[in-house]
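Residues in the sequence shown are numbered consecutively from 1, following this note's numbering.
Keep in mind that the hints are not guaranteed to be accurate.
Using C-beta positions, here's what the derived DEER-type ranges look like [claimed, not checked]:
| hint | residue 1 | residue 2 | range |
| --- | --- | --- | --- |
| 1 | Thr-5 | Gly-41 | 16 to 22 Å |
| 2 | Ile-22 | Ile-53 | 26 to 32 Å |
| 3 | Asp-54 | Leu-14 | 24 to 30 Å |
| 4 | Asn-64 | Asp-23 | 14 to 20 Å |
| 5 | Lys-4 | Leu-40 | 30 to 36 Å |
| 6 | Ala-10 | Asn-64 | 33 to 39 Å |
| 7 | Asn-20 | Asp-54 | 23 to 29 Å |
| 8 | Leu-38 | Arg-13 | 21 to 27 Å |
| 9 | Leu-40 | Thr-5 | 17 to 23 Å |
| 10 | Ser-59 | Leu-14 | 30 to 36 Å |
| 11 | Ser-7 | Val-37 | 29 to 35 Å |
| 12 | Lys-29 | Thr-8 | 27 to 33 Å |
It is worth saying that the hints were derived from the structure and are not from the lab. If you're wondering where the values come from, they're calculated on a predicted model, not measured in any experiment. Yeah, the Cβ is synthetic: ideal placement off N, Cα and C, and Gly gets one too.
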Amino acid sequence: MSTKTLSTEAETRLMNFFNNTIDPKGMAKAIRQVNYVLALGALRQHETLQNEIDNLQNSFYWLNELAEVLNPYLSKE
1 MSTKTLSTEA ETRLMNFFNN TIDPKGMAKA IRQVNYVLAL GALRQHETLQ
51 NEIDNLQNSF YWLNELAEVL NPYLSKE
């Protein structure tokens with residue numbers, strides 16, 4: 001996992017985006033839906049899956065992490 005920090009400008013822009021532009025629950029739902037569609041597409045194309053498996057795994061992981069930050073669905077009991 002990377003420990004790079006964001007610039008103050010980037011942090012401010014992200015906060016403005018997530019606080020003023022989008023609904024966190026809606027964005028989390030959209031991310032999960034896109035992740036599902038990407039997973040289905042990857043599983044149906046074996047060549048792509050074999051060549052890009054590490055990249056796909058990382059992408060799915062980080063998209064799910066972002067969705068959890070926006071709307072902690074999976075951590076609820």
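Results for each hint:
Range check, Thr-5 to Gly-41: Cβ separation about 34 Å, and the 16 to 22 Å hint is violated. Our hint of 26 to 32 Å for Ile-22 and Ile-53 holds, since their Cβ atoms are close to 31 Å apart. Between Asp-54 and Leu-14 the C-beta distance comes to about 26 Å, which sits within the given range of 24 to 30 Å. Against the hinted window of 14 to 20 Å, the Cβ-Cβ separation of Asn-64 and Asp-23 comes to about 18 Å, which satisfies the hint.
Evaluation of the 30 to 36 Å hint for Lys-4 and Leu-40 yields a pass: the beta carbon distance comes to about 32 Å. Remark: the range hint 33 to 39 Å for Ala-10 to Asn-64 is contradicted by a beta-carbon distance near 22 Å. At roughly 35 Å, the beta-carbon separation of Asn-20 and Asp-54 lies outside the given 23 to 29 Å, and the hint is violated. The given range of 21 to 27 Å is respected by Leu-38 and Arg-13, whose C-beta atoms sit roughly 26 Å from each other.
In this structure, Leu-40 and Thr-5 break the distance hint of 17 to 23 Å, their C-beta atoms being roughly 35 Å apart. For the hinted restraint 30 to 36 Å between Ser-59 and Leu-14, the CB-CB distance of approximately 19 Å leaves it violated. For the pair Ser-7 and Val-37, the beta carbons lie near 32 Å from each other, so the given range of 29 to 35 Å is met. Range check, Lys-29 to Thr-8: about 30 Å between beta-carbon atoms, so the 27 to 33 Å window is met.
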